[in-house]
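A.B. asks: Here is what each chain is made of, one letter per residue.
Number of protein chains: 6
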Amino acid sequence: MELSNAVKASVLVNALPYIRAYQGKIVVIKYGGAAMIDETLKQAVMDDLILLSLIGVRVALVHGGGPEITSTLNKMGVASKFINGLRQTSAEAMEVVQMVLAGKTNKDLVTLICGRSGKAIGLCGLDGNMIKCEKLKLEDGEDLGFVGNITSIDASLILNQLDNGYIPVIASVGRDDNGNVYNINADTAAARIASELRAETLILMTDTRGLLSDKDDDSTLITNVNISDVPLLIRQGIISGGMIPKIDSCVETVRRGVKRAFILDGRIPHAILIEMLTNEGIGTLFSVNA
Amino acid sequence: MELSNAVKASVLVNALPYIRAYQGKIVVIKYGGAAMIDETLKQAVMDDLILLSLIGVRVALVHGGGPEITSTLNKMGVASKFINGLRQTSAEAMEVVQMVLAGKTNKDLVTLICGRSGKAIGLCGLDGNMIKCEKLKLEDGEDLGFVGNITSIDASLILNQLDNGYIPVIASVGRDDNGNVYNINADTAAARIASELRAETLILMTDTRGLLSDKDDDSTLITNVNISDVPLLIRQGIISGGMIPKIDSCVETVRRGVKRAFILDGRIPHAILIEMLTNEGIGTLFSVNA
Amino acid sequence: MELSNAVKASVLVNALPYIRAYQGKIVVIKYGGAAMIDETLKQAVMDDLILLSLIGVRVALVHGGGPEITSTLNKMGVASKFINGLRQTSAEAMEVVQMVLAGKTNKDLVTLICGRSGKAIGLCGLDGNMIKCEKLKLEDGEDLGFVGNITSIDASLILNQLDNGYIPVIASVGRDDNGNVYNINADTAAARIASELRAETLILMTDTRGLLSDKDDDSTLITNVNISDVPLLIRQGIISGGMIPKIDSCVETVRRGVKRAFILDGRIPHAILIEMLTNEGIGTLFSVNA
Amino acid sequence: MELSNAVKASVLVNALPYIRAYQGKIVVIKYGGAAMIDETLKQAVMDDLILLSLIGVRVALVHGGGPEITSTLNKMGVASKFINGLRQTSAEAMEVVQMVLAGKTNKDLVTLICGRSGKAIGLCGLDGNMIKCEKLKLEDGEDLGFVGNITSIDASLILNQLDNGYIPVIASVGRDDNGNVYNINADTAAARIASELRAETLILMTDTRGLLSDKDDDSTLITNVNISDVPLLIRQGIISGGMIPKIDSCVETVRRGVKRAFILDGRIPHAILIEMLTNEGIGTLFSVNA
Amino acid sequence: MELSNAVKASVLVNALPYIRAYQGKIVVIKYGGAAMIDETLKQAVMDDLILLSLIGVRVALVHGGGPEITSTLNKMGVASKFINGLRQTSAEAMEVVQMVLAGKTNKDLVTLICGRSGKAIGLCGLDGNMIKCEKLKLEDGEDLGFVGNITSIDASLILNQLDNGYIPVIASVGRDDNGNVYNINADTAAARIASELRAETLILMTDTRGLLSDKDDDSTLITNVNISDVPLLIRQGIISGGMIPKIDSCVETVRRGVKRAFILDGRIPHAILIEMLTNEGIGTLFSVNA
Amino acid sequence: MELSNAVKASVLVNALPYIRAYQGKIVVIKYGGAAMIDETLKQAVMDDLILLSLIGVRVALVHGGGPEITSTLNKMGVASKFINGLRQTSAEAMEVVQMVLAGKTNKDLVTLICGRSGKAIGLCGLDGNMIKCEKLKLEDGEDLGFVGNITSIDASLILNQLDNGYIPVIASVGRDDNGNVYNINADTAAARIASELRAETLILMTDTRGLLSDKDDDSTLITNVNISDVPLLIRQGIISGGMIPKIDSCVETVRRGVKRAFILDGRIPHAILIEMLTNEGIGTLFSVNA
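Residue numbers (the working numbering), protein chains in the order written: chain A, 1 to 290; chain B, 1001 to 1290; chain C, 2001 to 2290; chain D, 3001 to 3290; chain E, 4001 to 4290; chain F, 5001 to 5290.
Derived from the structure by calculation, the hints contain no laboratory data.
Take these hints with a grain of salt, some might be off.
[To be verified] DSSO-like cross-link-like pairs, simulated, lysine-lysine; straight-line CA separation at most 27 Å:
{"id": "1", "chain 1": "D", "residue 1": "K3119", "chain 2": "F", "residue 2": "K5259"}
{"id": "2", "chain 1": "D", "residue 1": "K3259", "chain 2": "F", "residue 2": "K5119"}
{"id": "3", "chain 1": "C", "residue 1": "K2042", "chain 2": "B", "residue 2": "K1132"}
{"id": "4", "chain 1": "F", "residue 1": "K5259", "chain 2": "F", "residue 2": "K5025"}
{"id": "5", "chain 1": "A", "residue 1": "K119", "chain 2": "A", "residue 2": "K42"}
{"id": "6", "chain 1": "A", "residue 1": "K25", "chain 2": "A", "residue 2": "K132"}
{"id": "7", "chain 1": "F", "residue 1": "K5042", "chain 2": "E", "residue 2": "K4132"}
{"id": "8", "chain 1": "E", "residue 1": "K4119", "chain 2": "F", "residue 2": "K5132"}
{"id": "9", "chain 1": "E", "residue 1": "K4075", "chain 2": "F", "residue 2": "K5075"}
{"id": "10", "chain 1": "C", "residue 1": "K2132", "chain 2": "B", "residue 2": "K1119"}
{"id": "11", "chain 1": "D", "residue 1": "K3119", "chain 2": "A", "residue 2": "K135"}
{"id": "12", "chain 1": "C", "residue 1": "K2137", "chain 2": "C", "residue 2": "K2081"}
{"id": "13", "chain 1": "D", "residue 1": "K3119", "chain 2": "F", "residue 2": "K5025"}
{"id": "14", "chain 1": "E", "residue 1": "K4025", "chain 2": "E", "residue 2": "K4042"}
{"id": "15", "chain 1": "B", "residue 1": "K1042", "chain 2": "B", "residue 2": "K1215"}
{"id": "16", "chain 1": "B", "residue 1": "K1137", "chain 2": "B", "residue 2": "K1025"}
{"id": "17", "chain 1": "D", "residue 1": "K3119", "chain 2": "A", "residue 2": "K132"}
{"id": "18", "chain 1": "D", "residue 1": "K3119", "chain 2": "D", "residue 2": "K3135"}
{"id": "19", "chain 1": "B", "residue 1": "K1132", "chain 2": "B", "residue 2": "K1081"}
{"id": "20", "chain 1": "E", "residue 1": "K4075", "chain 2": "F", "residue 2": "K5081"}
{"id": "21", "chain 1": "D", "residue 1": "K3042", "chain 2": "D", "residue 2": "K3119"}
{"id": "22", "chain 1": "C", "residue 1": "K2119", "chain 2": "B", "residue 2": "K1135"}
{"id": "23", "chain 1": "C", "residue 1": "K2075", "chain 2": "B", "residue 2": "K1081"}
{"id": "24", "chain 1": "D", "residue 1": "K3025", "chain 2": "F", "residue 2": "K5119"}
{"id": "25", "chain 1": "A", "residue 1": "K215", "chain 2": "A", "residue 2": "K132"}
{"id": "26", "chain 1": "A", "residue 1": "K25", "chain 2": "B", "residue 2": "K1025"}
{"id": "27", "chain 1": "D", "residue 1": "K3075", "chain 2": "A", "residue 2": "K81"}
{"id": "28", "chain 1": "B", "residue 1": "K1119", "chain 2": "A", "residue 2": "K25"}
{"id": "29", "chain 1": "E", "residue 1": "K4042", "chain 2": "E", "residue 2": "K4119"}
{"id": "30", "chain 1": "D", "residue 1": "K3259", "chain 2": "D", "residue 2": "K3132"}
{"id": "31", "chain 1": "F", "residue 1": "K5075", "chain 2": "E", "residue 2": "K4081"}
{"id": "32", "chain 1": "B", "residue 1": "K1042", "chain 2": "B", "residue 2": "K1135"}
{"id": "33", "chain 1": "C", "residue 1": "K2259", "chain 2": "E", "residue 2": "K4119"}
{"id": "34", "chain 1": "A", "residue 1": "K81", "chain 2": "A", "residue 2": "K119"}
{"id": "35", "chain 1": "F", "residue 1": "K5132", "chain 2": "F", "residue 2": "K5025"}
{"id": "36", "chain 1": "E", "residue 1": "K4025", "chain 2": "E", "residue 2": "K4259"}
{"id": "37", "chain 1": "D", "residue 1": "K3132", "chain 2": "A", "residue 2": "K119"}
So that you can see chain A by itself, here it is in the shape it has in the complex (with noise of 0.2 Å):
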């Protein structure tokens, strides 16, 4: 469909109230997931934040790995075991999760937004001692290695590059006080980050549609939750399974300071701008005031 000039400037005129809203602020947003996969749409997402960054939001992005971790591992010889979920992660299997993260996934990322004219700097949680951590500790007692739990989070590199002018592009390691470096969970990293950096807004990019009434049905998105339901919400088994470490990082980061904390469906292409700078909210939204 060819728009008409008339239309297009119209679009852009009804974004006003939105750029108004968010200019200056700082959003964190967690990428992964199918946006991580497709190439098309991991354009859209690098668009998004140019486009944000340009509008003067102060954008930051925080990454965990995904097929590219596995795909070394196995070629590697590495053998990868899961437990609930979490990859458990002996020393040898770190070093190509840090490799990969770090030098892999992290780089192309910022290559991706360079090459589109955009300014990216990446960096991971060892650099200028940002994120600390210590080994994260199951409850049923398995060792899952070199997983770390965030003892404490030193943005002010984040912000030094935000001052700067550049989208600082961030993947989820850490190290504890003798130096060992932990895979992070990313969607508390940056959960952890956001309220750090005294967000405005936390994005978690997910394969789902938001949070749904009827988990099988995408027309019973729930668009708003005061955190305050959310215990409620688990009772009745609406938040369950993987939603509920992703949905706790959104209400942890809430209570923090964090004004909005949104579950957005990274498959959409160009979710992000649609979620922030259109009338329709097509993610869930965690705030205090819902």
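Based on the hints, put chains B, C, D, E and F in the right spot on chain A.
C.D. replies: The following block gives chains B, C, D, E and F in isolation, referenced to the frame of chain A:
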């Protein structure tokens, strides 16, 4: 027509290279004609300014008066006489011109922008000694009264406002060394201010489609003119009549270092946004490279 | 009388402690009355402002209109009616009031200051949303039309100009949330602006000697009033009539943190300099310590 | 040997003129070879960097890979072939090279510095479009694959980090305009970065004593070379083999304005501190005044 | 004579153009002679400095010693011998000179200014390596001892104090590269400091009326001298004796870019204010345009 | 003993944690006693100051006079009388004290530092009204003359110099509100200045080993004292005689927020560096945590 969100997002994303190109640059817009009279067009122009300002373009608006001057003169019983299209301005009329331009037209525009959540400040050429002029002398010896010819511009006051994030709205009156106030052609004032501000772009809004090869056929719009071709176009009669002084202003401002000068049709809603943030040029561009 | 140079030098040296006391401080002056009409007095006031500004006092001037409003209304055939000394302002009259205040009186003052090598900029309450107001409601139910009651002041635009070394000259009109413009009492506007700017001093220029014990005897000037004594002075009838709103403005601004509020006789040439830079108080000072 | 405090104090005091000479200056260090493999040497280098950084020298570290690339390629079953000492790098190998350099070697160094209370940030030539390159073409037509030849350096991102008090640690990969990533010789990258940063000093760490008159006799170290003498030294065979490109980098960077370029023996613990903060030159200095 | 307030105000207003002309400019004053001995004159000079400083002139004071040096030398039994009007200064005498100039005269002036609510700081040419000099060699071979000839001035320390709002008071001693301290002619030091500071004005206070056509007749004051006319005036004998070095200092400083150099009669109370802030020139001005 | 470069490097590296701890912090040093008389010790102290300053410690030096005062008084035939170890200071003697302290001792130290490429500026308590005092009254009614008791410190002038990278060298004289100048105990002045500057550390240099359990046995040095234990130590007689006022100064400054106060043996070359940059404490530290 209701647009899908995906379409909206793609309009925004397509504006990206244009935003990048104009960001931080100064654009001076001469506002007048139909766009100043029709309420819908007027609001569209103000929204364009606010959007440009929000995405980091540094916009200054220069305006003359319009029907309001004549109507106020009429109400006050001061006769208006025109010589070669220029208002012969007696001392008594000049008081009214200043009052209407700087007190009515100017502040009404400011109120309109501020009421739409923009940040504007109303100035005139008297503020901070911005526009100094002398009496304009016509070659045929006719006395136009208090019509001024700009002798110097001090744009520092405008820059202060831009630096503080305001859109300066400027009424085109000035004064001479004896404190006499003069009415000044707004096209000329805008062009000179653009030069002094080392603006990237000058836009003169008019009530014509732009420069036409055949002035009776809108489809013959000339979209690009190299300023070195202007003398030929005048000899050929393509540039003629009231277009000559407008285009002279464009040529002069480009010669003084402004990269681009547009003549733009103010009757098209959002003409400014369309020209600046889409891939379609709808006016006539004067530059050294055109 | 020709003064010797030694005498001139000693006058300058004697001003030293006063200069020190006011330097870097903000002084808001409400300008009106005789000092606004008589050309010699007017120039003396402007010179006072320029001198204060040059020696480092940060001066803002607030003015209402005067005879020019009435004469313009008359020329345009708009009738003026006064209720309790307040002009009943129809929509039509309000257009004229705005035009005269912001376009004539204001810019003429700016031209006068700039012509004497000062640096001034003319603003009104519409610029940058500076003065927000609502319709003033009289207790007796009379409808004054577009006469406004200030609801909020955003003084950031004034501060910007002071920071850049300009004397802001401010016409006292404002607007409500619907974009209706109102005429505002200049004493009140000056007092509220002084509070918002955390000014050191407010000066209200009037056509009386100050507060007099015996209103018919200029030699009974009261030079200092502790604002806590004002209610008593009203009960005693010493403060009465048109003095009441003026002194209310003084009391209110002192309560909000302005250190000193003066009522000063604008008929005395250089009254401002004399009050501020010599050892003689020629007006009435309202403060908490008086 | 236990040193007395007086002796310690005198060592510190004797460093004084050297500290003064380097303070606030930029020093770019190419790190590689033995100093990158031996744990004790590695820690000594990191302590040298931290000390220099603390006393006000602005240090940037550039590194290539080393045995880790080969070992990872081996583990992943990607064959390595060398042509004239340069690794022929297939697309598949390049992915591994990027991953190891930017994700493993780089971040391990950062972790080491941060673990010793230094402040480091890990970057590569892809961040902020820092290193742009094209495919390196060999004269004999052999195809080295993704080995790059630097076309431009944008050092602003490095300067940002230095301004914020961080030691930038930079992996020498870059990209072309099509987004292809290339392996880049770290000596060359360090030399070009030093030029762009207008560094005071370039240090290339190697596994030799420096430039020797008799390459088999360490006692024949040449401590100072005027870059104009390099062609003669090449003709005489004193500069030969692998030394030629290294010394070419030194000559080129000095020509572009870097004051001093050193070839320094990385096998000597604290070689950097000894060269920079004591009276003994232990490497070979290339300069225009040598 | 008691002045009316109106007269006081007009004196202040008349100073306005002079204040504007000097504001933000640097004025270096050589203080000496009668104005340094008579208590009333001394206080008048200090008040002049404080007033100038308050109204935004950036004032630096340079002084030599005076009777205090001789009296202290006498008390300590150190003999004084003069050659061509210059004190022959032994090492022992130099210690006393430094002590008196930098410890007594200098700090007494500072105390006087601070006691009158000014802000002063006492420096000498030894602070921050401000004045470097060498032994002054007389043409006739006579040895003056520790009398210095300025080789370089580093005025950055003075500028720091001016930037912080202090009046630097500077004793004219300096040192050579071996740490020997020298007595330096204060006229010369003031002139050189004025040049280095790119001052607007140099004022040398003396005990004469200025340059006189007839040295015995004060009414023959020459108020303006173009420095190109100085050689002629010397040949004519109008400039002679002790005036020659003073006027040489004026000529030299004007050649180096200082706009105006005055010789001013320190015996007239407030001579500085009168010269700078009134319409009467009471000294002799040396300039290129005079 | 000739140290190997490796040893030198390790000394430097071992200073690293101490440099980090003191960097950017303010250290006030009271300089006196043997370290002020012996030329070698004096130069060692100056080198310590310059090194500390270079590596980012912000050092201020406070000094009293010493033998120079007595010798100058003797030369000038002014008798010296001591009461309880304090010099009874007549008006005549005070002039000499000021002159020697501020003009001789102070400027000689500045010359020494500047001659060794440091950046120093000599101040006294009179500059910028830094030290205000009143006449010290002894309990036994004895009149000490112009010996002062500090009433207030304005350290802004010192901070200005530190901010500009200079070492302020401060002579301990001050003045009262009447302009009378007083001699002030340098230990007390240093302690009060340290408090006002919110210094990290105060160092009082003395001619004893520190606080000794047995004052006749240097091996009984007490290295750490919690200030709450001082009253007990006085009752036990361990703190006695001339140590009491020194330690009172330490206690008082720690109470006012200075973290550490040292009494340090000025007879040990480089005592300051050894105490601050090595692992051995050679003096007595007073703190709240000791």
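A.B. asks: Please write out, lowest number first, the hints stated earlier that are contradicted by the structure.
C.D. replies: 16, 18, 25, 32, 34
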